[in-house]
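Visitor: As you go down the protein sequences, you meet chains A and B in turn.
Take any residue in the first sequence, count from 1 to its spot, add 3: that is its number in this note's numbering.
Take any residue in the second sequence, count from 1 to its spot, add 5: that is its number in this note's numbering.
Errors might be hidden in some of the hints.
[Unchecked claim] Covered stretches of chain B (in silico footprint by chain A; criterion: 3 or more residues with CB under 8 Å from a CB of chain A, positions within the stretch not fixed):
{"id": "1", "region": "75–86"}
{"id": "2", "region": "128–141"}
{"id": "3", "region": "243–251"}
[As the list claims (entries may be wrong)] Here are the simulated EDC-like cross-link-like pairs (lysine to aspartate or glutamate), alpha carbons at most 20 Å apart as the crow flies:
{"id": "4", "chain 1": "A", "residue 1": "77", "chain 2": "B", "residue 2": "249"}
{"id": "5", "chain 1": "A", "residue 1": "250", "chain 2": "B", "residue 2": "181"}
{"id": "6", "chain 1": "A", "residue 1": "223", "chain 2": "A", "residue 2": "124"}
{"id": "7", "chain 1": "A", "residue 1": "98", "chain 2": "A", "residue 2": "84"}
{"id": "8", "chain 1": "A", "residue 1": "77", "chain 2": "A", "residue 2": "124"}
{"id": "9", "chain 1": "A", "residue 1": "292", "chain 2": "A", "residue 2": "226"}
{"id": "10", "chain 1": "A", "residue 1": "250", "chain 2": "B", "residue 2": "249"}
{"id": "11", "chain 1": "A", "residue 1": "98", "chain 2": "A", "residue 2": "80"}
{"id": "12", "chain 1": "A", "residue 1": "230", "chain 2": "A", "residue 2": "298"}
{"id": "13", "chain 1": "A", "residue 1": "171", "chain 2": "A", "residue 2": "253"}
{"id": "14", "chain 1": "A", "residue 1": "277", "chain 2": "A", "residue 2": "32"}
{"id": "15", "chain 1": "A", "residue 1": "250", "chain 2": "B", "residue 2": "67"}
{"id": "16", "chain 1": "A", "residue 1": "277", "chain 2": "A", "residue 2": "124"}
{"id": "17", "chain 1": "A", "residue 1": "139", "chain 2": "A", "residue 2": "84"}
{"id": "18", "chain 1": "A", "residue 1": "98", "chain 2": "B", "residue 2": "181"}
Quick caveat, the hints were computed from the structure, so don't treat them as lab data.
Note that the coordinates shown come from a computational prediction; the quantities given were computed from them, not determined experimentally.
For each residue, glycine too, the CB sits at the ideal point set by N, CA and C.
These are the residues of each chain, in order.
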Amino acid sequence: MNLAIRLALGTCGILVSASMAVFGAQAAEPTVLTIFAAGTLAVPFKEVSAIFEKQNPNVTVQAQFGGSVMMAKKITDLHQDADLLAVADYNVIPKYMFGHPPHAAWYAGFARNAITFVYTDKSKYAGEINAQNWYKILARKGVEIGRSNPDTDPSGYQTVQMLSLAEKFYGDAGLEQRVLANAPLTNMRDTETSLISALQLGQIDYLAIYRSDALQHHLKFIDLPGKINLSDPAQAAYYQQGIVHTKNGDLAGKPIVYAVTMVNGSTNAGVAEKYVALLLGPQGQAVMKNNGFGEFNPAFAVHVEAMPAGLKKLVEPWPAS
Amino acid sequence: MLQRPAKRWDRRAPSQSRGLYLLCWFLGTILVAFLVVPLIALALSQSGQSLASVARMGDVRDAIALSLEGAFLSAAIAALMGVPLAYGLARTTFPGKSVVAALVDLPLAVPHTVAGIALLMVLGRQGVLGAPLQALVGLKFWGTLAGIVAAMLFVSAPYTVNAARMGFEAVDPRLEKIARTLGLGPWRTFARITLPLARRSIMTGVTLTYARSISEFGAVVILAYYPMTAPVKIYELFLRFGLDQAAGASVLLLAVSLALFLILRTLSRGTPRRENR
């Protein structure tokens, strides 16, 4: 075989592979949709992603879960590539993602959650506690309460806001302080789910956590009143009375609303948009509900004008509170 | 009387092995660069000013001090209990010896979160050891220095045992026998002959245990988030303020660790107590 033929064959090979790369990419190479999401969303998002992958066989969803602020900072500070960001507190998106340069332009609330306390049969006074006497039991001597760090984690400050609201709701001065006295720094972690093992091993008796986690982990929980458990967007004005002092300043209570946004500069914007549509639509909402979250129908969005046209019709503007 | 093995060979290479040495240097330099360049990049990302401001933060200094304290205790316990174990493994044979040796290595293969949960299971408020220890002597492992040391020791003790065991195995048993025939008792033989000869290996192992203890995050954070060790503090700073402050604290921890390792290396290289030339 002489050199000319070899060269010709080689060139053909290069051309074929190049054209495959250009024209065949979408069919052959699966598109990877990267989602950064709050740890509490791990279970429902795996279910939504399974539905999505079935509907879009050429897409592989890769989701990473962690603290909401941590996930936002992975995008803003560590410059990791993600197509979607979903957080446990909608405030995280304007606070971290709307900066300079902006990493997102809008967000849509798609689920609600509530603060509760979980416990096991081994927990102290497990036989006595109920939705009426819980704040008295939790203040008893020797009860160990676990919670998340209010300086770094939404559920950490939401727990304290809930206690502050409970103090007003029950008209019981000092309630917050008495309960928190049983939740010292040693019982704290940067995210409350890492304390579930400690609860199950009896190191702590009660753990402040989201209702969705209580249901997903099949743990007993106290059904706190809607006036204080931060689950009801209609109570937004009342919730503002629950104030927590953190190292990052004072934070007033807000309803616990999960929000999703598409990350600017995403190379899979079309696929990401489809995923959001599934999440906001009836199928996605059914998954959220089955996992202990409150529905959000229709979804509220901030900066609707910046949303892709296909998503605008799924949302309503966020009501001013 | 005794000659250390290292002295038997001329340190300078014969000329014909130059190619070998060049290759070693070439490959070794790549590895050193791989290990050091990220750390240099981390250090250079910090201005002196930002380092100074992090160094002024009392909680960062407390966290680094707590890490050093915990790691020192962990290394001390590893030395106190690991060196005898290593000697036993090196000098005696017994049924199931290889099982014991494998068990010692096991913590290295356990994911650190799992190690932390296993420790909490045993040392927690309702654990088989934790409950009686708390009741009898008031020793708690939840959110305490004891818990931090326990987590550090669990993941780092194998380094001391393994290095010390290799050190003891390299000591020729005939030397010990000669010492015995010359009238030295078993305890003094161990203290004067075996231990000094295995000293460098032991020090290497203890240094590794110390280093591994300082860096441990996963197992420690299960037992103790507060009080915060340096790795936990760095993680918290990252969550609260972002990369800059976290990197600043990391560089500070690196600088302190580097200084300590240099001291430890110098100590372990130092002249043994009785060296005859």
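Visitor: Decide, hint by hint, whether the structure agrees.
Guide: We went through each hint and held it up to the structure:
1. Taking a C-beta to C-beta cut-off of 8 Å, the region 75–86 of chain B contributes 0 residues in contact with chain A, too few for the three needed, and the coverage statement is violated.
2. Evaluation of the coverage hint for the region 128–141 of chain B: fulfilled, as 4 residues show C-beta separations to chain A shorter than 8 Å, against a requirement of three.
3. Given a C-beta distance limit of less than 8 Å, the hint that chain A covers the region 243–251 of chain B holds, as 5 residues qualify and 3 suffice.
4. Under the criterion of a C-alpha separation no larger than 20 Å, the hint pairing residue 77/A with residue 249/B is consistent with the structure, at around 13 Å.
5. This hinted pair does not check out: residue 250/A and residue 181/B have alpha carbons roughly 62 Å apart, beyond 20 Å.
6. A threshold of 20 Å between alpha carbons decides the hint, and for residue 223/A with residue 124/A the separation of about 8 Å falls inside it, so the pair holds.
7. For the suggested pair residue 98/A and residue 84/A, the alpha carbons sit about 19 Å apart, so the restraint of at most 20 Å is met.
8. Only pairs whose Cα atoms come within 20 Å are accepted, and residue 77/A paired with residue 124/A is rejected, the gap being roughly 39 Å.
9. Distance restraint check for residue 292/A and residue 226/A: the Cα-Cα separation of roughly 16 Å lies within the 20 Å cut-off, and the hinted pair is therefore satisfied.
10. For the proposed pair residue 250/A and residue 249/B, the alpha carbon gap of about 17 Å is at most 20 Å, so the pair holds.
11. Restraint check for residue 98/A and residue 80/A: satisfied, since their Cα atoms lie roughly 13 Å apart, inside the 20 Å limit.
12. Under the criterion of a C-alpha separation no larger than 20 Å, the hint pairing residue 230/A with residue 298/A is consistent with the structure, at around 18 Å.
13. Taking the CA atoms of residue 171/A and residue 253/A, the gap is near 18 Å; set against the 20 Å cutoff, the hint holds.
14. As the CA atoms of residue 277/A and residue 32/A are separated by approximately 19 Å, the hinted pair is consistent with the 20 Å bound.
15. Straight-line distance between C-alpha atoms of residue 250/A and residue 67/B comes to about 18 Å, which keeps the hinted pair within the 20 Å bound.
16. Annotation: proposed proximity of residue 277/A to residue 124/A is violated, straight-line Cα distance about 44 Å (limit 20 Å).
17. For the proposed pair residue 139/A and residue 84/A, the alpha carbon gap of about 47 Å is over 20 Å, so the pair is violated.
18. A distance of roughly 70 Å separates the Cα atoms of residue 98/A and residue 181/B; the hinted pair therefore is violated under the 20 Å criterion.
In this structure, the earlier hints numbered 1, 5, 8, 16, 17 and 18 are contradicted, and the remaining ones agree with it.
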